[in-house]
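For reference, the chains in residue letters:
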Amino acid sequence: MIATNTIPVSSEPNTDISCRTIDPQERSMLRKVIDRIADRCRSRSLFILHYCTGCGAIELPPTITSRFDAERLGIQPMVTPRQADILLITGYLSVKTLKRVILSYEQMQAPKYVIGMGSCTINGGMYWHSYATIKRLQEYMPVDMYMAGCMPRPEAILEGFLQLIDNIDKGKATAWQEYYRNYDHYLGNQQALFGPDWHTPTDVIAEARHYKQFADNTIGEHTELLAKFASKYVTQPIPKKILTREEAAR
Amino acid sequence: MSQQLPKVLESVFREIPNLVFEQQGPRRLRVKLRSDALPALLELLKGRAGYLHLSAISCVDWPTLDEFELVYHLWSYEVKNLVSAHIYIPKTPGRYISVYDIYTPAAFFERDIHEMFGVYFEGCPDLEPFILTEWYGPPPMLKSFSTLDYVKETYKWQDYSPEWLKEIEAKGGGIVE
Chain H
2 MIATNTIPVS SEPNTDISCR TIDPQERSML RKVIDRIADR CRSRSLFILH YCTGCGAIEL
62 PPTITSRFDA ERLGIQPMVT PRQADILLIT GYLSVKTLKR VILSYEQMQA PKYVIGMGSC
122 TINGGMYWHS YATIKRLQEY MPVDMYMAGC MPRPEAILEG FLQLIDNIDK GKATAWQEYY
182 RNYDHYLGNQ QALFGPDWHT PTDVIAEARH YKQFADNTIG EHTELLAKFA SKYVTQPIPK
242 KILTREEAAR
Chain V
2 MSQQLPKVLE SVFREIPNLV FEQQGPRRLR VKLRSDALPA LLELLKGRAG YLHLSAISCV
62 DWPTLDEFEL VYHLWSYEVK NLVSAHIYIP KTPGRYISVY DIYTPAAFFE RDIHEMFGVY
122 FEGCPDLEPF ILTEWYGPPP MLKSFSTLDY VKETYKWQDY SPEWLKEIEA KGGGIVE
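Protein chains in written order, with our numbering: chain H, 2 to 251; chain V, 2 to 178.
Okay, chain V solo, but in the shape it has when bound (with noise of 0.2 Å):
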């Protein structure tokens, strides 16, 4: 299971109680955890592995489960190897601590997840929107949110004259089969 593993990452895992790990390629770690572990296990692998780049946070609303999957993408540029933390918080209340104080590139993720799935962040330092700066709706990336619902409730379809079709067939134009 570990043959490959490199000697820091193992004695950083074997600190974080109920870490399961599985190697899905030659450089790309999936890390299980609990949450309440997470800022542990970030603190360990900037510290001691030399994991310096946060490239990104995703977030993954499982329509039967009752939690949110966050997962923390952490590169190391010298081990060249991806360690993804997977973590799944409860959809109510959806908060979550921020990881801003050990990765300052988290603000800007944490931020968009919370626009997108509203989970909160707590010690974020900014929360504002982002992207949906005209949005009054709910957080559009929830699997709850039905977009083709909202789409006939705000906007009207356009309206459908085959008349126009005839129009333009009688200039010698029209549909190309």
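Here chain H stands alone, though its shape is the one from the complex (with noise of 0.2 Å):
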């Protein structure tokens, strides 16, 4: 029986509806220049996602605001999601909070750049030994760019911007496609944390064939758990053991 509802394009990497094979050679030279022409677009308008954790936002209203005014840069808040492109963390980051932080950057659209913003971000800061708030922010969800300081002045944050840019225009601000990739490992430090019953909404894993990034590390033990949550609406996690890297893709 034929499902009705299958999109006609093929995930095989090397062919398209037309069934032509393409040389891999040609598609990845035009898929370059026109991800390095979108990059660059990209690049002069990013939407901050407007959420805030800590006492970092308080330097963002002067970051924002005519002062110093990071529209200039093409930088602006945005209050949804799903139209943001940086996620920006200022502050610590609670382990309550972190489950907040995780479902906002799942439903960002990709590409999107994470920031972490302040020295709690980066080793815990003042809060170093404290039990609510995680170390290191790297562990639950890749991150393009650290800025130092507590707080870093609007001066730091708008050089931290511009390096972002430059970043984003070369094409190394690639860190939203590492949880795609790694998404068995982020997930894995996620439960350590949530504990085994952690799951989110977003579908993840179709998520990374669909910007195909799907890659060994996608699945694994830790995505097996999410096998009692899966529905209808969302994949079924595969068994890494049973099927290769190519049946897995398919």
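Hints are computed from structural coordinates only; laboratory data are not their basis.
The structure presented is a predicted model; accordingly, all values stated were derived computationally and were not measured.
Don't take each hint at face value.
Stated by the list, open to error - Residues from chain V shown here face chain H by an in silico Cβ test under 7 Å; the list is partial: (1) F131; (2) E135; (3) P141; (4) M142; (5) T148; (6) L149; (7) Y151; (8) Q159.
Ideal placement from N, C-alpha and C gives every residue a C-beta, glycine not left out.
Assembly of the complex is requested from the two constituent chains, each provided in isolation within its own frame, with the hints serving as guidance.
Printed below as a string of structure tokens:
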């Protein structure tokens, strides 16, 4: 029986609908040019998710408003995660807030960029021996850039934004791909904090296939625990040991 | 000792046995009593002396003692006076009576103390976790709970790489002295 909702696009890497075999070299060259143009445009218009944790948010009003005016760089706040490009973690992140941050992060459309702002996201800062705050942000989501300081001044934030724009322009800000490629690793770290029942409504494994970032570490022992939460809307996680990568990518 | 003590309070205190009080300021009164007499004191304070506001219940875990100290802070809008009633309850089993039936806001404070210190309040309507919903460890405000040990076994420390600083210094930045 043929499923009616099948999208007529093959997920095989080197074919398209017309069944012409595409030269991988040709495809990657074209892709590079398109990505280069897209990255250049993208870096000129970045929206920050208007989500603030901790005390670092107090440095954002002067950064965004008329004195330092981040909109000169094309950066402005955006209220919804689905339209935002940058997730700015402004300060200490408690375990409870981390849950909400991960939910917001997974809702954001790729490409997305995470900036850890302030010392607390780097090594815990002044909350280094607190039981309730996490110490390293990059264990739970891939981070493009850290801004050190307690708190970083608006000048430092603008400097960081300029660096991020430069990285995006050069195609170096690819941390978001890490989340899809190493989803099992990040999910494992999240489960270590939130318990084995931790799951999000976002189907990250299906997204990884959509963005063509499905890799060996996308699924593993940690994603297998998601199986009991799978539904007809959410991908059934595939056990890694039985299928090879090519089969799983199908 | 009791020159400025309001008359209503005097009559209330006389009814509670083994009660010691101390004037700590013009508007502060520290009261120490036996733990089984506390509900009677609260009932009298509310009913007879007009102490309508239970502003907080605090809990102290004294590391040297085998007892928790519970402090009930009561405020009167009439005589404008704060009574802090101190009682001691044994750490094991760490149970006490809820005063929810006398002061409704007590339910919230007791829930908080149960979460942070593990004291169980009999008759409290809700002792579910409130702030620590993602918490599987022991009550974190206990002195026997070592925060640093917990952090060491739960989280990993950030790697320290001085090369970052060299990169920043090469660009003209660095640590301000």
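Results for each hint:
| no. | hint | verdict |
| --- | --- | --- |
| 1 | F131 | violated, 11 Å |
| 2 | E135 | holds, 5 Å |
| 3 | P141 | holds, 6 Å |
| 4 | M142 | violated, 10 Å |
| 5 | T148 | holds, 5 Å |
| 6 | L149 | holds, 5 Å |
| 7 | Y151 | holds, 5 Å |
| 8 | Q159 | holds, 4 Å |
Hint compliance for this structure: hints 1, 4 are not met, and every other hint is.
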